[in-house]
Amino acid sequence: MQLTTLFATALFFLALLSGCSQRPESSLYQQLGGEDGIASITDGLLREIEQDQRIVHHFADTDIERFRKLLAEQLCELSGGPCRYSGGTMQQSHTGFNISLADYDALVDGLIKVMQQQKISISAQNQLLALLAPMYKDISYR
Amino acid sequence: MILRLILLLGCLLTSMASLAGSKIIATGGASTIEGSAGGGIVPWAVINGYGSSGEWAATAFATQVGVDDFTLNVLGASISYDNNWEWSLARQTFKLDNLGGELRQDIFGLKYHIAGELLYTALPQFSLGLQYKKHRDFALPSAVGARDDTGLDLYLAASKMLFDQVAGRNVLLNATLRATKANQTGLLGFGNADNNDYQLVFEGSAVLLLNYNLALGVEFKQKPNQLAFANEQHWRDIFAAWFINKQLSLVAGYADLGSIAGFNSQQGYYVSIEGAW
Ligand code: HEM
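Heads up: the sequence lines are chains A and B, in that order.
Mapping to the numbering used here: the first sequence position 66 is 66, numbers consecutive.
The number in the numbering used here is simply the position in the second sequence, starting from 1, with 1000 added.
Keep in mind that the hints were calculated from the coordinates and are not lab data.
Ideal placement from N, C-alpha and C gives every residue a C-beta, glycine not left out.
Treat the hints with care, as some may be off.
[As the list claims (entries may be wrong)] Think about it this way: if two alpha-carbon atoms lie no more than 30 Å apart in a straight line, the pair counts; the simulated DSSO-like pairs of lysine-lysine are: (1) B/Lys1095 with B/Lys1160; (2) A/Lys113 with A/Lys69; (3) A/Lys113 with B/Lys1160; (4) B/Lys1134 with B/Lys1095; (5) B/Lys1095 with B/Lys1223; (6) A/Lys137 with A/Lys69; (7) A/Lys119 with B/Lys1160; (8) A/Lys119 with A/Lys137; (9) B/Lys1160 with A/Lys137.
[Stated by the list, open to error] Ranges of calculated distance between the beta carbons of each label pair, as one might list FRET restraints: (10) A/Gly96 with B/Leu1130: 36 to 42 Å; (11) B/Gln1165 with A/Ser27: 43 to 49 Å; (12) B/Tyr1254 with A/Tyr141: 38 to 44 Å; (13) B/Asn1245 with A/Lys137: 26 to 32 Å; (14) B/Leu1250 with A/Val56: 29 to 35 Å; (15) B/Arg1091 with A/Tyr141: 36 to 42 Å.
Could you build the full structure based on these sequences and the hints that come with them?
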C-alpha cells in the first residue's frame, strides 16, 4: 500500500515537473528541427541502413535519392510540417520484401541512434515512434 | 555464491563481443524470481533477451530479496528463439534467517508468444506460459500442511508499450492471469490436505520509461491463501531498472511480501543483475 502511494507520488511530481518545464507548444515538426532537422534525421538513418548488414540487402535495387526524398517528405508530413508525401502507400512500397520483425526492430534501432545523436528530446522521439510503430502492420511480411 | 556469479557474468560480458539481438533495448524486460521475463515478481508477455524474429538469445541472472526474517536467493538462465519461445530455469533458495534452515525450489519455465507485438500493434502482446515447480526440501512444507512437492502454474500475460504518455515518456503496462496451486509461490509447497484445486490470481505491473535505459516500476501479485497454519498475503514492489546496454541490466527495488509463515509485514530490498547475449 505504502509502495503504491510512493509510486503515485513520484508520478505526480513527474507530471508536475513536466508541466512546469512547459511541454513545448510547438509541433513535432519543429521539435524535430524543422526541414533541416528532418533532413539530418533522414541522412543519418540512410547512413545507419547502409552500415547495417542485417537490412542493407533489402535496398540493393533501391533508387536511394528518391528514397531519401520520399522518406523526408513522409517524416515532414507525419510530424505536422508543410509537406505532402508523394510516394506510394506503405503497403505497396514494401510488398515483395518480406520485411521481418527483426528488420523493423533494426531500422527503429537505427532511427533511435540517430535521434539520440542529434539530441532530439525524448518526448519528441517518443511522439515520432508513436507515429511510426503502427505502420508495422502495413510494412511487415508482405 | 551470488558474488561469484556476478564476477563470472562480468568476465563473460567483457570477453564477449556484442552478439545482442535486434530487439529495442529494455523490451526483453528483466528476469523474475521465477526465471521468466518480466518485472521482479510478475511474468510479462515479453520474451527474455534481445532475440527478434529468427534470432536466438540467452540470459543469466542472479537476484536477492532480503526481507525482515527471510532471504531469497535466485540463480537462473533462459534461452529464447524467434521472440516467440522462451525456456527458463531458476533455482530458488529461501533462507529462514530466524528459524534456521532453507527451502529450495527449482522452476522450469516455458513461454510462448501467441499474438500482438509489444511496440508495433494496437493489440497488446499476448503470451501463454507455464512454470513447472519442484520443491527440494519438502519436509517443512509438508509439516505445515502442503499436499504436493511439485506444481504446475499456467498463465496468460498481456503487455503493451504506450508511447508518449507521462511527460512525453513511454509507459509499459502488463496484466497476467495465473492458475496456481502454489503456497507462497511454491516455497511452501502446493495445495493443502482438503483442497487441490487451481486458484486463479491476477498480477499486474506498470512501468514508466524515463529514457531508453532507465525505468521505474510498480508491481502487484495476488496470492492464494490456502494453508491453515499461517496467513498468506499479496505481494507488491516498486523498482528502478537500469538497462546499461543490451548485455547488462540492474534492478533495485523495495518489496512488501506481507505475512510469511507467521512472520508479519515482511519488507525489504530487491536487487537483481542480468546478463544477456
Ligand atoms: C519505420 C517505418 C518505415 C517507414 C516510415 C518507411 C518509409 C518508406 C518510404 C517513404 C519509402 C518510399 C516509398 C516509395 O518508393 O514510394 C520506403 C521504401 C522502402 N522501404 Fe521503407 N519504411 C519503413 C520501414 C522499413 C523497413 C523496416 C524496411 C526494411 C528493413 C524498409 C525497406 C524499404 C525498402 C527496401 C524500400 C524501397 C522499395 C523500392 O526500392 O521500391 N522500410 N519506405
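Hints and how they fare:
Our distance criterion of 30 Å between C-alpha atoms is broken by lysine 1095 of chain B and lysine 1160 of chain B, whose separation comes to about 35 Å. For the hint pairing lysine 113 of chain A with lysine 69 of chain A, the CA-to-CA distance comes to about 21 Å; that is within 30 Å, so the pair holds. About 23 Å separates the Cα atoms of lysine 113 of chain A and lysine 1160 of chain B, which keeps this hinted pair within 30 Å; it holds. The straight-line distance between the Cα atoms of lysine 1134 of chain B and lysine 1095 of chain B is roughly 17 Å, inside the 30 Å bound, and the hint therefore holds.
With a CA separation close to 20 Å, the supplied pair lysine 1095 of chain B and lysine 1223 of chain B stays within the 30 Å bound. Only pairs whose Cα atoms come within 30 Å are accepted, and lysine 137 of chain A paired with lysine 69 of chain A is accepted, the gap being roughly 23 Å. In summary, the hint linking lysine 119 of chain A to lysine 1160 of chain B is supported, as the alpha carbons are separated by about 26 Å, within the 30 Å threshold. For the hint pairing lysine 119 of chain A with lysine 137 of chain A, the CA-to-CA distance comes to about 29 Å; that is within 30 Å, so the pair holds.
At roughly 16 Å between alpha-carbon atoms, lysine 1160 of chain B and lysine 137 of chain A fall within 30 Å of each other, so this suggested pair holds. At roughly 39 Å, the beta-carbon separation of glycine 96 of chain A and leucine 1130 of chain B lies within the given 36 to 42 Å, and the hint holds. About 19 Å separates the C-beta atoms of glutamine 1165 of chain B and serine 27 of chain A, a value inconsistent with the hinted range of 43 to 49 Å. Separated by about 43 Å at the C-beta atoms, tyrosine 1254 of chain B and tyrosine 141 of chain A satisfy the suggested range of 38 to 44 Å.
A hinted range of 26 to 32 Å for the beta carbons of asparagine 1245 of chain B and lysine 137 of chain A is consistent with their spacing of about 30 Å. The hinted window of 29 to 35 Å between leucine 1250 of chain B and valine 56 of chain A holds, with their beta carbons roughly 34 Å apart. Between arginine 1091 of chain B and tyrosine 141 of chain A the C-beta distance comes to about 39 Å, which sits within the given range of 36 to 42 Å.
In summary, the structure is inconsistent with hints 1, 11 from the numbered list given earlier, while agreeing with the others.
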